[in-house]
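*Asks:* Sequence:
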Amino acid sequence: MARFILLVCFALQPFCLLEAGETRTWEGKWNNRKYNTTGPLKCVATSDEKGIWKATFTGLFKGDPFKYQATFRSQAKGQQLNLTGDATIRGHKYQWTGFMKGATLSGKYRSNIGYYGEFVLKQKK
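In case it helps, mature numbering (1 follows the signal peptide of the UniProt record, and there is no 0) puts the sequence shown at residues -20 to -1, 1 to 105.
Note that these hints are calculated values from the structure, not bench results.
One should not assume that every hint holds.
[As the list claims (entries may be wrong)] Estimated spans, in silico, between C-beta atoms of each pair:
1) Gly43 with Ile93: 16 to 22 Å
2) Lys42 with Gly1: 33 to 39 Å
3) Gly82 with Gly43: 27 to 33 Å
Yeah, the Cβ is synthetic: ideal placement off N, Cα and C, and Gly gets one too.
Could you build all of it, start to finish, from the sequences and the hints given here?
*Replies:* As structure tokens, then:
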């Protein structure tokens, strides 16, 4: 039975959920709807056995590099992980929701100073 499960996960790897302690990297773009800006974004995240994630996001905002840590929670729903989290970036509070499905990490965010937008990232191997 264990071989069957492993075989299915290898065959459907983009659809298998992350295991505790596994680290993955996604890259793509974010959009800030308040200022109609966009830029590159990278996320490196590791989960624990309770579905709590620690992530580092790096990217560019109007040519300035940024890096911040975020903690978020996951809840499995079929082949998708629904996500909720928060972060403090340059002193501002951000809330976001999203999901992981296959090789995609997607999210929507809103800050306490009116920034809002979304990001779509693809897994890098």
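*Asks:* Take the hints in turn and mark each one as holding or not.
*Replies:* Do the hints match the structure? See the list:
1. Gly43 with Ile93: 16 to 22 Å: At roughly 20 Å between Cβ atoms, Ile93 and Gly43 fall inside 16 to 22 Å, so the hint holds.
2. Lys42 with Gly1: 33 to 39 Å: With a Cβ separation near 36 Å, Lys42 and Gly1 satisfy 33 to 39 Å, so the hint holds.
3. Gly82 with Gly43: 27 to 33 Å: 32 Å, holds
In terms of the numbered hints stated before, the structure departs from none.
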